[in-house]
Amino acid sequence: MTLAAATNENLASISNTLIYSAMAVYTLAFFAYIAEWLFGSRSKVGRTAAALTADARARAAGPAVTVKKNGGTAVLERPKVVVRATAGARDVPDGPGAHGGDEQGDMYGRIAVSLTALAFLVELGGVIARAASVERAPWGNMYEFNITFSTVAVGVYLTLLALKKNVRWLGLFLITSVLLDLGLAVTVLYTASDQLVPALHSYWLYIHVSTAILCGAVFYVGAVTTILYLFKDSYENKLATGGKPGAFANSVMDRLPASASLDKFAYRVNAAVFPLWTFTIIAGAIWAGDAWGRYWGWDPKETWAFITWVAYACYLHARATAGWKGRKAAYLALIAFGCWLFNYYGVNIFVSGKHSYAGV
Amino acid sequence: MSKTTPDAPAESGAPDDQDLGAAGSQLSTAPTDTLASVPGLGVIGWARWFWRQLTSMRVALLLLLLLALGAIPGSLIPQSGSDETKVAEFRAAHETLAQLYDRLGLFHVYSSVWFSAIYILLFVSLIGCIVPRTWQFVGQLRGRPPGAPKRLTRLPAYTTWRTDAEPEQVREAALALLKKRRFRAHLAGDAVAAEKGYLREIGNLAFHIALIVMLVAFAWGQLFKTEGNKLVVEGDGFSNTLTQYDDFKSGTLFSTDDLTPFSFSLKDFTGTYETSGPNKGTPRTYQAALTYSVGAYGKGKKKSVVKVNHPLEIGESKVYLTAHGYAPVVTVRDGKGDIVYSDAVPLLPLDSNVTSSGVVKVLDGYRNAKGVGEQLAFQAFFLPSYVKGMETASTFPALRNPVLNLAPYHGDLGVNSGIPQSVYQLDTTHMKEFKDSKGLQLRSNLKPGDTMTLPDGAGSITYEGTKEWANFQITQQPGSDWALVGSFGAIFGLAASLFIQRRRVWVRATRGADGVTVVEMAGLGRSESAKVPEELGDLAGILYDQAPGASGPENDSATSPDPHVVPAEGAEK
Ligand code: HEM
Numbered sequence: 001m002t003l004a005a006a007t008n009e010n011l012a013s014i015s016n017t018l019i020y021s022a023m024a025v026y027t028l029a030f031f032a033y034i035a036e037w038l039f040g041s042r043s044k045v046g047r048t049a050a051a052l053t054a055d056a057r058a059r060a061a062g063p064a065v066t067v068k069k070n071g072g073t074a075v076l077e078r079p080k081v082v083v084r085a086t087a088g089a090r091d092v093p094d095g096p097g098a099h100g101g102d103e104q105g106d107m108y109g110r111i112a113v114s115l116t117a118l119a120f121l122v123e124l125g126g127v128i129a130r131a132a133s134v135e136r137a138p139w140g141n142m143y144e145f146n147i148t149f150s151t152v153a154v155g156v157y158l159t160l161l162a163l164k165k166n167v168r169w170l171g172l173f174l175i176t177s178v179l180l181d182l183g184l185a186v187t188v189l190y191t192a193s194d195q196l197v198p199a200l201h202s203y204w205l206y207i208h209v210s211t212a213i214l215c216g217a218v219f220y221v222g223a224v225t226t227i228l229y230l231f232k233d234s235y236e237n238k239l240a241t242g243g244k245p246g247a248f249a250n251s252v253m254d255r256l257p258a259s260a261s262l263d264k265f266a267y268r269v270n271a272a273v274f275p276l277w278t279f280t281i282i283a284g285a286i287w288a289g290d291a292w293g294r295y296w297g298w299d300p301k302e303t304w305a306f307i308t309w310v311a312y313a314c315y316l317h318a319r320a321t322a323g324w325k326g327r328k329a330a331y332l333a334l335i336a337f338g339c340w341l342f343n344y345y346g347v348n349i350f351v352s353g354k355h356s357y358a359g360v
Numbered sequence: 001m002s003k004t005t006p007d008a009p010a011e012s013g014a015p016d017d018q019d020l021g022a023a024g025s026q027l028s029t030a031p032t033d034t035l036a037s038v039p040g041l042g043v044i045g046w047a048r049w050f051w052r053q054l055t056s057m058r059v060a061l062l063l064l065l066l067l068a069l070g071a072i073p074g075s076l077i078p079q080s081g082s083d084e085t086k087v088a089e090f091r092a093a094h095e096t097l098a099q100l101y102d103r104l105g106l107f108h109v110y111s112s113v114w115f116s117a118i119y120i121l122l123f124v125s126l127i128g129c130i131v132p133r134t135w136q137f138v139g140q141l142r143g144r145p146p147g148a149p150k151r152l153t154r155l156p157a158y159t160t161w162r163t164d165a166e167p168e169q170v171r172e173a174a175l176a177l178l179k180k181r182r183f184r185a186h187l188a189g190d191a192v193a194a195e196k197g198y199l200r201e202i203g204n205l206a207f208h209i210a211l212i213v214m215l216v217a218f219a220w221g222q223l224f225k226t227e228g229n230k231l232v233v234e235g236d237g238f239s240n241t242l243t244q245y246d247d248f249k250s251g252t253l254f255s256t257d258d259l260t261p262f263s264f265s266l267k268d269f270t271g272t273y274e275t276s277g278p279n280k281g282t283p284r285t286y287q288a289a290l291t292y293s294v295g296a297y298g299k300g301k302k303k304s305v306v307k308v309n310h311p312l313e314i315g316e317s318k319v320y321l322t323a324h325g326y327a328p329v330v331t332v333r334d335g336k337g338d339i340v341y342s343d344a345v346p347l348l349p350l351d352s353n354v355t356s357s358g359v360v361k362v363l364d365g366y367r368n369a370k371g372v373g374e375q376l377a378f379q380a381f382f383l384p385s386y387v388k389g390m391e392t393a394s395t396f397p398a399l400r401n402p403v404l405n406l407a408p409y410h411g412d413l414g415v416n417s418g419i420p421q422s423v424y425q426l427d428t429t430h431m432k433e434f435k436d437s438k439g440l441q442l443r444s445n446l447k448p449g450d451t452m453t454l455p456d457g458a459g460s461i462t463y464e465g466t467k468e469w470a471n472f473q474i475t476q477q478p479g480s481d482w483a484l485v486g487s488f489g490a491i492f493g494l495a496a497s498l499f500i501q502r503r504r505v506w507v508r509a510t511r512g513a514d515g516v517t518v519v520e521m522a523g524l525g526r527s528e529s530a531k532v533p534e535e536l537g538d539l540a541g542i543l544y545d546q547a548p549g550a551s552g553p554e555n556d557s558a559t560s561p562d563p564h565v566v567p568a569e570g571a572e573k
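First to last, the protein sequences are chains A and B.
Note that the UniProt record's numbering has the first sequence beginning at 1, numbered continuously upward.
Note that the UniProt record's numbering has the second sequence beginning at 1, numbered continuously upward.
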């Protein structure tokens with residue numbers, strides 16, 4: 001065996017160790033998130049209920065304080081902007097997050113985020129070691145695709161946190177699925193490291209697949225938010241019509257942002273990557289043009305990328321169409337993400353086509 | 001108490017028009033979806049109704065959904081356009097189902113009547129949507145942002161303060177500030193009206209137009225495209241004329257004059273393979289070294305290497321490397337020892353280790369031992385890496401230990417019967433086997449340099465060595481540049497349309513009952529973006545510095561605290 005091959009095998013086993021370590025740290029983070037939710041449940045929030053059951057006339061009175069006195073002196077503060085939901089939308093405040101204002105819960109939440117960041121770094125190291133061991137980008141088969149995908153998804157989450165977006169409530173849901181994804185990767189999908197067949201040698205591969213992974217990760221964040229939106233929305237509907245949700249629903253739902261905020265966040269996330277997804281498909285077409293002599297051949301993978309694209313276009317149109325906003329649009333968003341998932345798993349496993357050399 | 005839900009009346013993202021009057025109107029060019037009333041009388045009434053339906057957002061949405069649904073069967077059922085053999089297998093396996101599929105065009109979904117109908121309707125709808133929206137947008141650009149609504153407090157972002165500055169002064173300052181911030185602003189009555197972010201609409205229109213450009217480019221490409229294959233053995237060449245192709249397909253409007261004139265010859269083909277590990281034998285590189293020349297007369301030779309992902313581009317034509325294999329060089333001699341055939345014979349690969357088969361056909365020039373003219377054929381079986389005991393399959397794709405297995409025949413190949421024959425297949429109906437001494441069919445393994453002698457002075461065949469061949473696909477697809485331009489136009493249009501906010505700002509300055517100036521500012525975006533209040537706060541902060549707050553009682557203060565109060569930018573100092 002050559003020296004180079006030996007180093008590569010070493011790197012590959014380092015990569016495996018790092019991936020398993022990352023799983024361990026994610027598991028710790030998972031428990032910390034659980035603790036955050038548990039301690040958060042001690043506090044009484046009830047903002048949503050208060051807003052939805054308060055006297056309607058009080059709210060209709062118009063916007064609130066605009067100018068305030070400043071601590072006894074006669075000097076006025078600068079003007080404050082009053083935000084008001086547009087007509088037709090519910091005016092409900094956002095929940096405080098998983099910790100529910102509980103100090104201990106908040107501490108566990110911070111621990112969870114730190115652990116997530118640590119696990120992310122470890123996993124990233126695993127992905128890089130894998131890439132170094134095969135001397136190419138780490139997405140030649142589904143195992144590599146999975147570990148890269150979950151790294152990027154967590155990266156997106158941490159980036160949103162770093163940008164001071166209010167997304168910590170996503171943590172538990174995201175980490176749960178990351179653990180599932182990694183579990184699947186190391187058990188079912190594991191493939192010994194290897195190099196690529198000639199058709200996969202192209203810089204368009206790097207562009208096409210890296211953007212595809214990023215889009216998937218962001219679409220995923222959008223889909224999780226959309227599901228939470230659907231729950232929160234029916235919770236608010238129930239409250240608004242005088243229903244009494246159970247204690248568990250109360251405790252969890254009240255801590256999430258308002259349904260309108262979740263909806264808006266999901267929309268923004270999906271809309272933000274849609275141009276990139278468009279670009280991903282075009283980059284794929286350019287690559288197919290170079291590799292197979294045609295830009296578009298309705299290969300199953302291509303077809304499902306197209307279907308996903310059209311489904312997201314439907315979603316964006318639905319948001320601009322009266323009568324389709326809200327829940328109906330949300331269902332479309334979930335269908336669109338389902339198409340993406342099917343393209344990623346289903347097509348590789350159930351349908352044969354030119355893309356199937358990607359090695360399940 | 002009425003229940004409010006998110007899908008209540010508000011249309012096209014803007015707040016209720018009843019609330020805002022003209023202020024909220026036309027913040028986008030999206031068609032308002034009035035549920036079309038029952039059509040008026042007569043054909044024209046119906047036509048108009050149909051057209052209005054077709055160009056509504058609802059129907060566009062429906063057609064998009066249908067397009068996505070319609071694309072699904074094509075990914076699950078074998079398609080004749082991409083894999084004819086799979087279709088044949090399917091037909092054989094499910095006869096009745098295949099008939100049904102045939103009737104529904106499910107073996108060629110993407111060129112079927114119903115799929116075409118969906119996308120043609122969609123694009124008619126798209127054009128019917130873009131044209132009026134463009135005019136509407138031009139009208140909006142010509143006009144001015146609508147004046148301030150009566151009650152600014154009803155807008156999604158609002159702020160107010162009292163100042164000692166004169167109302168005129170405040171309005172002037174506001175106008176200057178908004179213009180400096182690249183708002184389109186003007187004074188209307190007691191307020192300044194301003195709007196920004198028109199690029200959003202331009203982007204959205206550009207995106208939808210780009211979709212049309214792409215579709216036209218694809219259609220154009222389909223009509224004029226050509227696609228052909230040519231197998232070339234090392235040392236041989238090809239020139240781009242119709243007769244030289246092994247097979248050739250073209251669009252309906254293609255004419256032979258459209259073929260780009262060029263020629264090339266294959267100098268050398270190189271394939272390398274993984275030599276160890278679990279993926280032993282997996283190809284690592286394929287490349288074909290060519291010399292080529294552009295133009296009809298083959299002047300000025302240039303060199304190029306064609307790889308799997310790197311086609312050679314000459315004008316509108318592209319030369320792709322699509323397959324490769326081996327072509328053993330053989331020499332056939334008759335009984336007198338005269339050479340009757342000497343050439344490289346391309347064989348077709350059967351598996352990933354390039355076990356290959358084919359036929360050596362000697363059509364003319366051969367006379368048998370009795371001097372009678374006959375034809376010869378050799379059924380050839382080739383293993384690039386032969387290992388003793390593994391007679392039927394090669395063990396590795398590269399030429400490690402090549403062995404050519406030949407079985408000779410003589411007689412009439414039947415090539416003059418008029419029925420086209422594959423060069424890789426042997427029709428033995430009029431051919432006789434050569435027998436060995438035991439009366440069995442003669443067959444033997446040759447190594448390079450070996451000769452097989454045919455019985456009874458019938459001649460011999462020598463395996464001289466091995467060349468490689470490469471298959472090239474030559475395509476010409478006009479319009480692909482336009483498709484590319486269209487697709488990048490679509491991306492930029494989309495980005496502009498999704499990332500740019502179109503928003504309006506109003507600044508009203510009036511003298512209050514007590515003689516003190518009251519400044520009110522409000523902002524309205526197409527969607528409820530956090531950016532609108534932020535920007536308003538920013539603008540208010542600057543304007544506040546120019547028209548500072550007045551002291552005195554503030555009687556406007558409402559009592560209920562509002563959790564949504566966002567501090568104006570820079571207000572925390
Ligand atoms: C080929 C099919 C089509 C595709 C893929 C497509 C795609 C899109 C996308 C992705 C958007 C989102 C941009 C945004 O939210 O601002 C959009 C917006 C829009 N589309 Fe289409 N579209 C198609 C056909 C149509 C048709 C037929 C119409 C006319 C009825 C139409 C009218 C609109 C309008 C008015 C908007 C802007 C909505 C808004 O202002 O939010 N589109 N389209």
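Take the hints with a grain of salt, since some may be wrong.
Residues from chain A shown here face chain B by an in silico Cβ test under 7 Å; the list is partial [said to hold, decoys possible]:
1. Val82
2. Ala117
3. Asp290
4. Thr303
5. Ala320
6. Gly346
SDA-like cross-link-like pairs, simulated, lysine to any residue; straight-line CA separation at most 25 Å [said to hold, decoys possible]:
7. B:Lys86 / A:Phe306
8. B:Lys361 / B:Thr451
9. A:Lys264 / B:Thr451
Cβ-to-Cβ under 8 Å is the rule here; a few derived chain A residues that face chain B [claimed, not checked]:
10. Val25
11. Lys80
12. Ala247
13. Ala313
These are computed hints drawn from the structure, not numbers from a lab.
Note that the structure is a prediction, hence the values are computed from the model and not measured.
The C-beta atom is built at its ideal place from N, Cα and C for all residues, glycine as well.
Right, here's what the structure says about each hint:
no.	hint	verdict
1	Val82	holds, 5 Å
2	Ala117	violated, 25 Å
3	Asp290	holds, 5 Å
4	Thr303	holds, 4 Å
5	Ala320	holds, 5 Å
6	Gly346	violated, 10 Å
7	B:Lys86 / A:Phe306	holds, 23 Å
8	B:Lys361 / B:Thr451	holds, 17 Å
9	A:Lys264 / B:Thr451	violated, 80 Å
10	Val25	violated, 30 Å
11	Lys80	holds, 5 Å
12	Ala247	violated, 24 Å
13	Ala313	holds, 6 Å
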